[in-house]
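Peer 1: Next come the chains, spelled out residue by residue.
Protein chains: 2
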Amino acid sequence: MRVEMDAMTMAAVEFAEKNQRRFVEELKELLRIPSVSTDPERAGDVRRAAEFVAAELKRIGMQHVRLVETITSERPGGHPLVVADWLEAEGAPTVLCYGHYDVQPAEPLDEWKSPPFEPTERDGNIYARGAVDDKGQMWMHVKALESLFAAGGGKLPVNVRVVVEGEEEVGGEGIAAYVREHGEELKADVALVSDTEMFAADLPTLCVGLRGMIYTEIEARGARTDLHSGMYGGAAPNPFVALAQVIVQLKDAEGKILIPGFYDKVATPTDAELKAWKALPFDEEHYRETEVGSVSLTGEAGYSVLERTWARPTLDVHGMPGGFTGAGAKTVIPAKAVAKVSMRLVPDMTPAESFAQYKAYVERLCPKGIVLEVRMIHSGDPIVVSTDNEYVRAATDAMHTVFGKETVFVRGGGSIPIVGDFVRELKIPTVMMGFGLPDDNLHAPNEKFHLANFYRGIESIVRFLSGVGA
Amino acid sequence: MRVEMDAMTMAAVEFAEKNQRRFVEELKELLRIPSVSTDPERAGDVRRAAEFVAAELKRIGMQHVRLVETITSERPGGHPLVVADWLEAEGAPTVLCYGHYDVQPAEPLDEWKSPPFEPTERDGNIYARGAVDDKGQMWMHVKALESLFAAGGGKLPVNVRVVVEGEEEVGGEGIAAYVREHGEELKADVALVSDTEMFAADLPTLCVGLRGMIYTEIEARGARTDLHSGMYGGAAPNPFVALAQVIVQLKDAEGKILIPGFYDKVATPTDAELKAWKALPFDEEHYRETEVGSVSLTGEAGYSVLERTWARPTLDVHGMPGGFTGAGAKTVIPAKAVAKVSMRLVPDMTPAESFAQYKAYVERLCPKGIVLEVRMIHSGDPIVVSTDNEYVRAATDAMHTVFGKETVFVRGGGSIPIVGDFVRELKIPTVMMGFGLPDDNLHAPNEKFHLANFYRGIESIVRFLSGVGA
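Chains as they are written, first to last, in our numbering: chain A, 25 to 494; chain B, 25 to 494.
Please keep in mind that the hints were generated in silico from the structure rather than gathered at the bench.
These numbers were taken from a predicted model, which means no experiment stands behind them.
A couple of the hints might just be wrong.
[What the hints assert, rightly or not] Dumping the calculated BS3-like pairs for lysine-lysine here, alpha-carbon to alpha-carbon at most 27 Å: (1) LYS211/B with LYS451/B; (2) LYS179/A with LYS211/A; (3) LYS302/B with LYS392/A; (4) LYS302/A with LYS392/B; (5) LYS299/A with LYS383/A; (6) LYS392/A with LYS280/B; (7) LYS392/B with LYS280/A; (8) LYS289/B with LYS383/B; (9) LYS211/A with LYS82/A; (10) LYS289/A with LYS299/A; (11) LYS451/A with LYS211/A; (12) LYS383/A with LYS289/A.
Whole structure, please, built from the sequences with the hints as guidance.
Peer 2: Following this line, the structure appears as structure tokens:
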């Protein structure tokens, strides 16, 4: 069995190598579909991306390929899940492969060197919105499965379920409900998620913790209608000034969040974890210069950058719509303005409790003449996953073969809400094996995916799936 | 002479009354031109509005009607002045009629009950962007002149110069340069400006003071590119948080401006002026409820609303472009964000000194990890005009005849920068006789002009011009 499996793995790896260019061209086709899930006008494109993925899953040999609608009366804009399985590897474990086909908005468009939805290869990278997050990484799963099907004469070495969602960038409510209500259709022994990054180029990485989040809006309303600042300046409340007064009371100049009780449930990483982080090849000055590019870094005093971005809660303002934002001058006191504010949460905080603390606090801060409304846009749980199981060993073995190096265990600062649902609802471990790079410009202009990592990712997944089935 | 003049005045008033509907229909044609001076894409429309005004001035009998270009290499977006004169009233004084044909942007469009550039009559008002500010009021001048030409057989009772600018809403640099460099072409004894409002319906009003302003942008730059708040939150500086930290240090929660030295040159109104303001029919609670519509008013403690809006400097934030302002969620830490901040200035402050104080102070406030840039967008001087001259008496006499009431003297909170230039460069008094109403929604959605005031304004101007010439 072992010999036969090794031969099949080798054949799959060879198949993947021979078909690299075709895999890239297919990915480009998918990247051309502007499946921006937060934009209601893109709903048709989002569906088109789902259909594209479903058609390919069917073509390579997956079974029961279907779109599962997530639209409900409360969520008229829900985007479909792509669900499929292949369960004929009797006695073998079942791997649930997860990815998402939706992408972030591409704005600001004028900062892209090539158009976000016209994938372009430069210097061994493919540039496009979604290249690494997550279309490119999800496509690694599909292409690893195709390679294994090809090598196995239409059979896989493990049982596989696939679920690909279209709402990861907008909170993933649709898949969360599906996991809660139809968990049996995703029944598996382990989940494989490739939506994270490597700690450094050539350094195989497993992500074992993720921050959660709450994404909110604070709307400040003053006058009934927009007013002329000459005529009313000095008497009418200004919603932007009011929001500034609220924001500075949310986080102090040293990065400490001022919401009462906010830090109460924050768990400190284990000594072993903190020690391992210290051993990682991390140069703060290099990080500041090459990744952030600001004159200095910010954040809570007394914590390293890795602690601040992996194990500490944070608060950011993403945009402040309202008033006049065009070129030139308009002397308006706007009737209302909004601050888009999110907080990253860490174990053992919960979105519900953190939002309640935040909302109550903001409402108490309400400046004179202003009416505030605090809204939750979406949320995700923070999680830490176990590293002590055979699936993590299969993943580290696979990557050791491909990269020739030991895997490092890191956490991610971002949220992948579904991982929490897998842990909570399906009660299965998750292997977060991602192949992005720190400079891949996730959620930013000029997002890219390093093609060498796309190929190594496919090979790693081929070997991981074979390893789990062995 | 006096009898002949009275007969001619009566004939002009009759002509204006008989032609009211035509005057309104012509005004609608002008209002349909979206001459938004701050929008580079509207440059063609702005020019079309200038040509419309010039053609009408020519048709009614004005001489030397011409467009004066204001474009220079530093100001490639300059809009033309419309200049004309009629100087055959030998021995009579010369009145310089000023107005502007440009308008504010119409945004937010979804709050207009009828489209901003499709003038619509409702309840005795005409609704459109520019209806009262200033196309409707400028058109009163043109129609008063037409009525006097008609009554006088092609002659006017006074010498008249007309200058109509297209950059009032963007700082008026073009006309300021023209006044400085070609003042002799505007040589007059008095300027007539109708770009202000009446203190209350039916209460004839002259404006005798205006606040100045500086309109600025503060740009805050943090990271080199937009970053994912999950990955970098806790390490990367947030430009919106930084701007909030700056804004709260510009103005305290009680409305006091915190810029060092800012109040040093503020002149207190005379006791007589303060006493007259107290006698005006002003109900603060009614003003809050009907004009502002906020839960309470704001502003410096210890000053009345009229003092705060007429005689005290103020600071407002008009918009904060940058980051993600669309619907839904985008977890971006934007590389940069901007705050559009303006300050209203009162006598004896100067824009140059106030801006220097502000810029130096803001630069000192620069938050960690952030680079700030402070830019002046435009400015205007504060002014107080004399009330003790024959032209003010001609204006109060004219309005007494039309309204049957004594004129009140008020100040305006807004800026009409050109009035300062007339005082400084041409050394002539200005009569600010405006016919807007407090609820005309200047610079806001659903701007309107009360048609009864349009007609009374024309008659008042006919009588004023006759009175100056008598």
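Peer 1: So, for every hint listed, does it hold in this structure?
Peer 2: Quick rundown of the hints versus the structure:
1. Distance restraint check for LYS211/B and LYS451/B: the Cα-Cα separation of roughly 9 Å lies within the 27 Å cut-off, and the hinted pair is therefore satisfied.
2. For the given pair, LYS179/A sits about 20 Å from LYS211/A by alpha-carbon distance, which is consistent with the 27 Å threshold.
3. For the proposed pair LYS302/B and LYS392/A, the alpha carbon gap of about 25 Å is at most 27 Å, so the pair holds.
4. A hinted pair counts as satisfied when its Cα atoms are at most 27 Å apart, and LYS302/A with LYS392/B qualifies at roughly 25 Å.
5. Among the hinted pairs, LYS299/A with LYS383/A is inconsistent with the structure: their alpha-carbon atoms are about 36 Å apart, more than 27 Å.
6. Our distance criterion of 27 Å between C-alpha atoms is met by LYS392/A and LYS280/B, whose separation comes to about 14 Å.
7. As the CA atoms of LYS392/B and LYS280/A are separated by approximately 14 Å, the hinted pair is consistent with the 27 Å bound.
8. For the suggested pair LYS289/B and LYS383/B, the alpha carbons sit about 17 Å apart, so the restraint of at most 27 Å is met.
9. About 20 Å separates the Cα atoms of LYS211/A and LYS82/A, which keeps this hinted pair within 27 Å; it holds.
10. In summary, the hint linking LYS289/A to LYS299/A is supported, as the alpha carbons are separated by about 22 Å, within the 27 Å threshold.
11. Note on LYS451/A and LYS211/A: the hinted pairing holds, with a Cα-Cα distance of about 9 Å set against a maximum of 27 Å.
12. As the CA atoms of LYS383/A and LYS289/A are separated by approximately 17 Å, the hinted pair is consistent with the 27 Å bound.
When the structure is compared with the earlier hints, a violation turns up for hint 5 alone.
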